[in-house]
Amino acid sequence: MIGLYIVTAVLVLVSFLADRRKTVHGIKIGVKKFRKILPNYLKLLILIAIVLFFTEGLIVRYLGQENGLLGILAGMLLGSATMMPGFIAYPLAGVLVERGVLYMVVAGFVTTLMMVGVLTYPVEKEYMGAKGTIIRNGVSFVIAAVIALAMGVFYGEVIL
Amino acid sequence: MKISPRTRNYIYFGLFMAFIAVSFLLKYEPGVAMGNNFYLFAKDMVLILPPAFILIGLFDVWAKREVIEKHFGETAGARGFVWSILLAATTVGGTFVAFPVANALYHKGARYSMIMTYITAASLVMIPMSIMEAAILGPKFTAVRILVSLPLVVIGSIFIEKLLLRMKYRIPEVQEVQK
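Just so you know, the sequences run in chain order W and X. Per numbering that gives the first Met the number 0, residue 0 is the first one in the first sequence, and the count goes up by one each step. Per numbering that gives the first Met the number 0, residue 0 is the first one in the second sequence, and the count goes up by one each step.
Some hints here could point you the wrong way.
Simulated restraints, written as ranges between beta carbons of each label pair [said to hold, decoys possible]:
| hint | chain 1 | residue 1 | chain 2 | residue 2 | range |
| --- | --- | --- | --- | --- | --- |
| 1 | X | F158 | W | F15 | 18 to 28 Å |
| 2 | X | V45 | W | K31 | 17 to 27 Å |
| 3 | W | P90 | X | G76 | 14 to 24 Å |
| 4 | W | K130 | X | P150 | 19 to 29 Å |
| 5 | W | P84 | X | L14 | 42 to 52 Å |
| 6 | X | D43 | W | E97 | 24 to 34 Å |
| 7 | X | V21 | W | E97 | 35 to 45 Å |
| 8 | X | F18 | W | L16 | 39 to 49 Å |
| 9 | X | A142 | W | Y4 | 25 to 35 Å |
Listed below are the simulated DSSO-like cross-link pairs for lysine-lysine, each with C-alpha atoms no more than 27 Å apart in a straight line [unchecked claim]:
| hint | chain 1 | residue 1 | chain 2 | residue 2 |
| --- | --- | --- | --- | --- |
| 10 | X | K42 | X | K107 |
| 11 | W | K130 | W | K21 |
| 12 | W | K21 | X | K69 |
| 13 | W | K31 | W | K124 |
| 14 | X | K167 | W | K130 |
| 15 | W | K31 | X | K107 |
| 16 | X | K139 | W | K27 |
| 17 | X | K63 | X | K167 |
| 18 | W | K35 | X | K107 |
| 19 | X | K42 | W | K35 |
| 20 | W | K35 | W | K124 |
Hints in this document: simulated from the structure, not taken from any laboratory. Even glycine gets a Cβ: it sits at the ideal position worked out from N, Cα and C.
Looking at chain W on its own, in the form it has when it is part of the complex (with noise of 0.2 Å):
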């Protein structure tokens, strides 16, 4: 974090005694495209907000399936409709594995966690368009889905 604000430092340091006309220009457009996002970004907080509050008991209940394909179905889910920062999503995927819920399940649910952005499609949209979102997000998933199976074959969960 303390980095990001070193090298943008150094940057517009740099970029300004090379050419003070094109660093102020640049700036400019970096804060008309902040306006010009922000108002998503806060929806963005919001829906996470929201969202996150309703889901945190379905995962703890929904992921310990009996049934390992159903628990990757429902992991992956899960992780599409959620958002968590890392240091609150790997936590709780440590407490799952720690209660016997399959290697592969938290794979899927990690995976489409990170990859698979549901509530992210209001900030994806206006860069990506709304196809392109769409098309992204579905391939993101079936390749989520692979790595969940691969993960249960590396780990012996699922027998060949």
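Fit chain X to the known structure of chain W by using the hints.
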């Protein structure tokens, strides 16, 4: 009176903040929990987004189209995917930052498969996240996840590119602030 989507989002935000404030005053549990969730994400975004957007602005004025085309464009080849993944691994802030960066790259001449690889990899191989994952779930878990996913990400991105090109798709330009 017509309300623009922009203004509407600000109104939602105002209402939500009012709800959280009242919840904290009345100790209304669900509202307090949502407020805490909101704070978790908002804190990071407030810190990361402003410098990230300044860097995107500087990228816009300095990055030469030919250079981006050479490394991320039609002629980039396999090495372009390596660049995209390396750029993704070092992007701070995950997809929140990756979306605008990918958009900027695209408008400087990067091809679809590269920006799709970049966005997807940015959510999968962030270095600090992966270290934490390995510590909690074991290095084997992280290794399998990354090694299985990267080839799939590249293949998936090529597939998405084919699809988008067939649709003659154009990614929206994000520039002017709508009034």
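Hint check results:
{"no.": "1", "hint": "F158(X) to F15(W): 18 to 28 Å", "verdict": "violated (43 Å)"}
{"no.": "2", "hint": "V45(X) to K31(W): 17 to 27 Å", "verdict": "holds (19 Å)"}
{"no.": "3", "hint": "P90(W) to G76(X): 14 to 24 Å", "verdict": "violated (41 Å)"}
{"no.": "4", "hint": "K130(W) to P150(X): 19 to 29 Å", "verdict": "holds (25 Å)"}
{"no.": "5", "hint": "P84(W) to L14(X): 42 to 52 Å", "verdict": "violated (25 Å)"}
{"no.": "6", "hint": "D43(X) to E97(W): 24 to 34 Å", "verdict": "holds (27 Å)"}
{"no.": "7", "hint": "V21(X) to E97(W): 35 to 45 Å", "verdict": "holds (38 Å)"}
{"no.": "8", "hint": "F18(X) to L16(W): 39 to 49 Å", "verdict": "holds (48 Å)"}
{"no.": "9", "hint": "A142(X) to Y4(W): 25 to 35 Å", "verdict": "holds (32 Å)"}
{"no.": "10", "hint": "K42(X) to K107(X)", "verdict": "violated (31 Å)"}
{"no.": "11", "hint": "K130(W) to K21(W)", "verdict": "violated (34 Å)"}
{"no.": "12", "hint": "K21(W) to K69(X)", "verdict": "holds (23 Å)"}
{"no.": "13", "hint": "K31(W) to K124(W)", "verdict": "holds (18 Å)"}
{"no.": "14", "hint": "K167(X) to K130(W)", "verdict": "holds (12 Å)"}
{"no.": "15", "hint": "K31(W) to K107(X)", "verdict": "holds (18 Å)"}
{"no.": "16", "hint": "K139(X) to K27(W)", "verdict": "violated (45 Å)"}
{"no.": "17", "hint": "K63(X) to K167(X)", "verdict": "holds (25 Å)"}
{"no.": "18", "hint": "K35(W) to K107(X)", "verdict": "holds (20 Å)"}
{"no.": "19", "hint": "K42(X) to K35(W)", "verdict": "holds (20 Å)"}
{"no.": "20", "hint": "K35(W) to K124(W)", "verdict": "holds (13 Å)"}
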